[in-house]
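Novice: First to last, the protein sequences are chains Z and Y. Its first residue numbered 1, the first sequence is counted upward by one per residue in the numbering used here. Its first residue numbered 1, the second sequence is counted upward by one per residue in the numbering used here.
It cannot be assumed that every hint is accurate.
Claimed, not checked - Pair by pair, the computed Cβ-Cβ distance ranges are:
1. R422/Z - N270/Y: 19 to 29 angstroms
2. R152/Y - R293/Z: 25 to 35 angstroms
3. S357/Y - T280/Z: 53 to 63 angstroms
Said to hold, decoys possible - Covered by chain Z, per the in silico footprint, the following chain Y stretches (three or more residues, Cβ under 8 angstroms):
4. 44-53
5. 241-250
6. 291-304
Keep in mind that the hints were calculated from the coordinates and are not lab data. We put the beta carbon where it would ideally sit given N, CA and C, even for glycine.
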Amino acid sequence: MKTKTQTPAAMLEPAKLPAAKIFGVGGAGVSLLEAMNREEFAGAGFVAVNTDATSLAGSTVALKIHLETKLLRGLGTGGDPERGRAIAEEQFATLKTACEGADVIFMIAGLGGGAGSGITPVLARAAKETGALVLAFVTLPFVCEGNRRQQQAQQNLEQLKSVADGVICLPCQKTFKLIDENTSVLDTFRITGELLVEGVRGVWRLLTRPGLIQIHFDDLCALVRDRHSESAFAFVEASGPARSREVVDKLLNHPLLDEGRVLAESDAVLVSLMGGKDLTMNEVDRVMEQISRHCERARVIMGAAVDETMKTRLSVTVVAAKQAGAAPVAESMAAAAEATEPAASRGYARSTSRCFPPAPSLSPEQREQAMTRHGSGRARKVNDRMRQAQLPLAIISKGRFDKSEPTIHKGEDLDIPTYIRRGVALN
Amino acid sequence: MFDESIIVGLEIGTSKVCAVIGEQGADGMVNIIGLGQARSRGVRKGEVADTTQAEEDVRNAIVEAEQMADVEIRNVYLGVTGGHIRGFNNRGVHPVVSADREISEDDVQDVIKNAKAINLPTENNVVHAIRQHFFVDGQDGVTNPVGMLGSRLEVDVHVVHGNTNRLQNAIRLVKGLQLEVDEIVFNGLASSLALLTSEQKELGALVIDIGGGTTDYVVCAGGVIRHTGVLAVGGDHVSNDLAYGLKVPLSRAEKLKLEHGSALLDGKINGQTVTITNELGLPLKTVNVEHLQRIMSLRLEEIFQLVAQDLEQAGLFDYLRAGVFLCGGGARVPQIARLAEQVLQMPVSIGQTNSVSGLKSALDQPEFVTAIGLVKFGSFKTRKREGKSWKDFLGKILQRP
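Given the sequences, and given the hints that come with them, work out the whole structure.
Specialist: Written out as structure tokens, the structure is:
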């Protein structure tokens with residue numbers, strides 16, 4: 001097992017650039033790392049981490065960490081995040097050495113399986129201990145992958161949020177909006193992967209490219225720190241004379257931003273514009289004005305950079321973060337159920353597996369919830385049913401405005417009755 | 001042309017199509033002599049959605065007005081609205097190059113041309129470019145700079161623009177009826193023309209026209225139009241909310257709105273119910289009046305809040321010293337002025353058309369304000385065309401590019 005701390009490229013970095021490392025964790029993470037264009041990320045160290053030897057053998061990155069013990073018999077984690085976690089805890093020191101020397105750690109993983117879900121939170125903790133900023137880019141499984149994987153993913157997402165500085169989460173289900181009837185499975189996975197890589201690329205460019213208006217490393221830290229919740233991101237590109245208008249339109253129709261609703265709900269938004277040499281201040285201003293208008297409550301951090309390879313294209317990357325409490329009523333109920341339940345009852349109650357993981361790092365409140373829920377199997381079932389009832393199933397008919405163009409004002413559909421949007425109960 | 005002094009305003013609204021005929025006297029005063037209206041069926045949110053039906057409704061309204069005034073209509077001033085219409089202020093700059101630095105008529109034309117050169121999306125078209133004030137070397141509030149000395153002339157214009165295709169839809173519809181469209185006019189602007197006196201325009205006033213499909217609002221201050229806006233939410237939304245919330249058909253909701261609606265919750269209606277009966281008088285359903293009014297009140301409150309937000313953003317609240325004037329069918333809702341007062345925190349009244357004489361039945365109704373405003377707009381244009389040096393700001397500034 002290698003424990004080299006820095007790739008040569010990272011050492012040659014100019015001093016002002018933060019040293020970065022990109023970790024691909026688990027099967028999905030390793031293959032996504034493969035899919036990334038290395039040249040674009042010149043200066044970053046790549047590390048592949050997995051429990052499965054075959055997956056690592058197919059990887060071309062310089063530094064591979066194979067987490068292996070006798071317990072696994074070379075078979076990987078078998079989709080059990082507990083095993084993944086246990087083994088990562090065992091090799092904690094190795095992971096920590098791998099993280100050393102970096103200012104920013106990007107982690108790419110697909111949650112829901114064994115390795116990605118199990119290792120990522122431990123790795124994040126290891127990276128935190130070396131003093132780096134930890135940004136995790138994770139995917140949540142498709143709904144059709146089954147309930148169990150969903151639950152595992154949710155629960156690990158919560159763990160990850162509590163350790164990583166920023167979690168940018170891409171529910172695969174959302175990519176359904178990007179694909180059509182005939183898209184093959186392979187293409188779908190490729191699209192999902194690309195979306196995630198785009199997110200990494202956007203943040204990466206933000207930090208490394210010379211800026212007309214520079215986003216400092218500190219800005220990024222300030223944005224993601226203390227916001228231990230999901231961030232949404234979007235990356236759009238356009239070219240031509242009306243490109244500034246086009247990018248804004250694309251952005252507001254972006255499926256990952258829920259047609260602009262995410263912007264309206266977020267309380268911190270980071271916008272990075274990138275254009276060729278012909279990027280004008282006017283364009284920057286126009287795009288920013290439109291975006292700011294859609295996220296009034298948010299603190300907006302912006303950066304603009306010039307990259308000659310962009311030619312006449314203009315690209316905009318948006319990272320929107322919202323504080324856990326800032327979700328609207330309907331969503332926050334579901335979110336609260338997710339936040340407390342999976343982390344508390346399902347995961348840690350199941351500590352009877354062969355390897356005993358160390359106590360997870362939980363806040364006192366979470367621990368208390370875990371204690372009260374622990375061992376009450378019946379309560380859990382009841383809760384499952386209740387949670388289903390809370391899903392926003394009611395489709396609000398817009399009556400006579402069904403077929404006309406919707407009146408969207410700051411991400412709100414004004415055709416839906418006001419009393420419903422405001423949650424005013426009649427009776 | 002057969003009669004220069006006849007001016008017709010046509011408003012193709014969401015709930016009704018309305019044609020108003022005005023006769024301009026020798027002194028320039030307008031006298032309303034005819035009014036025709038028809039229930040509108042082909043319009044949603046202020047825009048034509050069903051051409052055939054809309055065409056029929058327009059024809060009916062026109063015929064009715066023609067019969068009442070006993071004239072033949074050939075030209076109309078057409079009111080337009082819709083969520084696609086936007087207004088913003090733009091400034092044009094022009095350096096005065098003549099040796100003696102005296103500002104000439106040409107300089108004024110140039111600076112206005114500069115101000116109108118706006119970077120609009122290709123699919124959009126300017127509806128109005130309304131001149132505000134001139135600045136000579138940064139000095140504010142100049143209304144006529146010709147003859148003044150200065151090196152730099154600037155002018156602010158308020159530009160109202162909209163999507164060309166969607167504007168054309170209404171124009172084509174009218175042209176299909178063998179009528180000429182003299183000009184298209186933004187409905188909100190027409191309403192403000194009909195309601196505000198020049199004193200009120202000087203003091204600063206907000207006109208909110210709550211129509212069936214849209215709410216149009218215009219801010220006048222310092223004698224000029226400062227801000228315009230359209231919210232594609234109107235009385236239709238109230239009916240729709242009621243239909244949804246009370247689980248009654250839309251037509252019934254409409255009726256309930258008219259009979260029992262209120263902008264504020266009435267203290268006395270606590271627990272009161274209304275029974276809906278079918279045509280035979282058999283009871284079908286019981287509706288709680290409190291729910292009805294609550295749903296309605298929330299929707300109307302939201303409309304005012306959105307307008308208030310927009311004005312706050314534009315920083316115009318402190319300019320509205322003459323208060324707020326409501327018009328449109330929405331102004332008929334009981335207590336609406338009080339609700340608006342609560343939200344906007346300033347005096348609100350239902351607007352009264354002034355400086356127009358004629359049919360009492362037309363002038364008293366808030367829903368005809370826009371159409372009357374269109375006639376008034378037309379009267380300014382005609383007077384201008386006749387070449388009289390009429391000094392009211394509107395006469396000079398309302399010109400189509």
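Novice: So the hint says 53 to 63 angstroms: do the beta-carbon atoms of S357/Y and T280/Z match that?
Specialist: holds, 55 angstroms
Novice: Does the beta carbon distance between R422/Z and N270/Y stay inside 19 to 29 angstroms, or does it fall outside?
Specialist: Holds, since R422/Z and N270/Y (Cβ atoms, about 21 angstroms apart) stay within the stated range.
Novice: Is the gap between the beta carbons of R152/Y and R293/Z within 25 to 35 angstroms?
Specialist: holds, 32 angstroms
Novice: Using a Cβ cutoff of 8 angstroms, are there at least 3 residues of the region 291-304 of chain Y near chain Z, or does the coverage claim fail?
Specialist: Answer holds; 7 residues pass the 8 angstroms Cβ test.
Novice: Just to make sure I understand the rule, a stretch counts as covered if three or more of its residues have a C-beta closer than 8 angstroms to a C-beta of the chain. Does the region 44-53 of chain Y meet that for chain Z?
Specialist: holds (count 3)
Novice: Does the region 241-250 of chain Y contain three or more residues whose Cβ lies closer than 8 angstroms to a Cβ of chain Z?
Specialist: holds (count 5)
Figure legend: structure checked against the earlier numbered hints; every hint is met.
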